[in-house]
Amino acid sequence: MALAVLRVTNVLLPFEDLIRYGLSPLSRAATSLGTSLSTVFSQDLPAKECNEALLDSESRLAGVSVDYVRLRALEEENEVLRKSLGYLQKQGYDAVMARVISRSAVPNKAVIMIDRGSKDGLEVGMAAMVSDGILVGKITKIQERTAVVTLFSDPDSRVAVSKAGERKLIGLVEGRGNWASEATLIPQQESLEKNDLLVTSGTEEKIPPNLIVGLVNQVIGQPTDPFKKAAVEALVPLEYLEVVAVLRPQALRPE
Amino acid sequence: MRRSSWVIVIISAILAGVYESGFIGSAPSVFAYIRPVVPVGVLFLLLNKRPAAYTLAVIAGLIIDLMSATSAGFVTGRWLLVFLLVDLLASRVTTNRSLYASMALVAAARLLDRTLWQLLSWFGTYVLNGAYYLEPWSRLLGVFVFDIIFTTLVFVSITLFTKRFVISVNAYKGRYE
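Chains as they are written, first to last, in the numbering used here: chain A, 1 to 255; chain B, 1 to 177.
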């Protein structure tokens, strides 16, 4: 009972944080082991064979036009690096790399704990992405050395989005659990098609615009409905994340 | 208990805590049914190793409470209370040390734990306005199955390799002693 009161009143917070910090390497190793096992178990045989055939075809194609591909890849990489460097500098953000130390065991919940916290200048509401600019979630709870990130497929998650290339808010991406998400509250007059790319709208305080959220998989709704919905496909497998980058405004960088 | 036994209990509790807080969430779903802390704690109580059971509850529970990404529902307090109640049941109701008694006690512990979690969740949601998430009852069924298999295996192993649960019958008096 005394322990419960001490915990609820946050008296034990410094000790709790210290224990979390001490245990994070062990927990990270356990999470990483679990993720590796999940990856192994998720590959069934027919899919494996398909992947091998695809890889074989791709290697043949690459052999035919290897020089062209290499040059194109280098050119694109250069362009992307210049853009992202310029983008982060222009927006005044830098990326704080963090490792996943635990995941929610409750089915339907898409929540992870990372090994960075308020000591690293992180705050609630900041965006977590994977290194190439794809949004995975937002920080929803913060401690000194750890933080909780709610992924955008979590039923409690809401992210304001716009279509790529248009800086107009068109709706919200809401999590539906089981790693699925849906764009909702899209006005009927907005044109939205399969394979349209959805990005962050920039209307949320700590989330910069143009972070990729996902691809539209299917547009749902009748023309008579006031709003339409769309099934959104994540571009990265959210269930296997091991490292994320949190976008921190440069002004919050610790000295 | 000897010092080496304490070391084993503490290391096992830490590993069990890390397993339940870090591993289960990312591993394939079948691992979600494998929850060793409660059956091991109950078996400790049956073996009259109360300090070991309560140490296991505190260390593993604390790790789960602190390292879980979603609110785990004050596992430390819950498990302490569950072990206390199971200890009472073991000394007042199921006084024999049979396989069936141990199965019944493990099942009772699991049910008590889930009920307490449900109550905490209601209290947390409606009184503290927090977000408390429960695992579905359907998952509990799988956990029950694991508990029963695990308890049977451990109980039979203890009976085979030690004299803990062996009932001696005095041939002269012709009755249990």
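Hints may be right or wrong, so weigh each one.
Below, in silico cross-link-like pairs of lysine to any residue (SDA-like), each with a Cα-Cα straight-line distance of 20 Å or less [as the list claims (entries may be wrong)]:
1) A:K228 <-> A:E174
2) A:K141 <-> A:R158
3) A:K141 <-> B:K49
4) A:K141 <-> B:T125
5) A:K141 <-> B:S71
6) A:K141 <-> B:Y133
7) A:K168 <-> A:S191
8) A:K229 <-> A:L169
9) A:K141 <-> B:G124
10) B:K49 <-> B:L119
11) A:K206 <-> A:P107
12) A:K168 <-> A:F227
13) A:K206 <-> A:E123
14) A:K141 <-> B:R92
15) A:K194 <-> A:K228
16) A:K141 <-> B:L134
17) A:K48 <-> B:P28
Bear in mind the hints are in silico, worked out from the structure with no lab data behind them.
How the hints compare with the structure:
Pair hint K228 (chain A) plus E174 (chain A) holds up; C-alpha atoms about 13 Å apart against a cutoff of 20 Å. A hinted pair counts as satisfied when its Cα atoms are at most 20 Å apart, and K141 (chain A) with R158 (chain A) qualifies at roughly 15 Å. Among the hinted pairs, K141 (chain A) with K49 (chain B) is inconsistent with the structure: their alpha-carbon atoms are about 39 Å apart, more than 20 Å. Of the supplied pair hints, the one linking K141 (chain A) and T125 (chain B) holds, its CA atoms being roughly 17 Å apart against a limit of 20 Å.
For a cut-off of 20 Å, the pair hint linking K141 (chain A) to S71 (chain B) stands: about 11 Å separates their Cα positions. Between the alpha carbons of K141 (chain A) and Y133 (chain B) the distance comes to roughly 15 Å, so the proposed pair stays at or under 20 Å and holds. Restraint check for K168 (chain A) and S191 (chain A): satisfied, since their Cα atoms lie roughly 12 Å apart, inside the 20 Å limit. With a C-alpha separation of about 14 Å, the suggested pair K229 (chain A) and L169 (chain A) falls inside the 20 Å cut-off, and the hint holds.
Among the hinted pairs, K141 (chain A) with G124 (chain B) is consistent with the structure: their alpha-carbon atoms are about 17 Å apart, no more than 20 Å. Between K49 (chain B) and L119 (chain B) the alpha-carbon distance is near 29 Å, which puts this suggested pair outside the 20 Å criterion. For the suggested pair K206 (chain A) and P107 (chain A), the alpha carbons sit about 28 Å apart, so the restraint of at most 20 Å is broken. At roughly 16 Å between alpha-carbon atoms, K168 (chain A) and F227 (chain A) fall within 20 Å of each other, so this suggested pair holds.
At roughly 9 Å between alpha-carbon atoms, K206 (chain A) and E123 (chain A) fall within 20 Å of each other, so this suggested pair holds. For the hint linking K141 (chain A) to R92 (chain B), the alpha-carbon distance of about 44 Å lies beyond 20 Å, and the restraint is violated. Of the pairs offered as hints, the one joining K194 (chain A) and K228 (chain A) holds, with about 13 Å between alpha carbons and a cut-off of 20 Å not exceeded. For the hint pairing K141 (chain A) with L134 (chain B), the CA-to-CA distance comes to about 19 Å; that is within 20 Å, so the pair holds.
For the hint pairing K48 (chain A) with P28 (chain B), the CA-to-CA distance comes to about 18 Å; that is within 20 Å, so the pair holds.
In this structure, the earlier hints numbered 3, 10, 11, 14 are contradicted, and the remaining ones agree with it.
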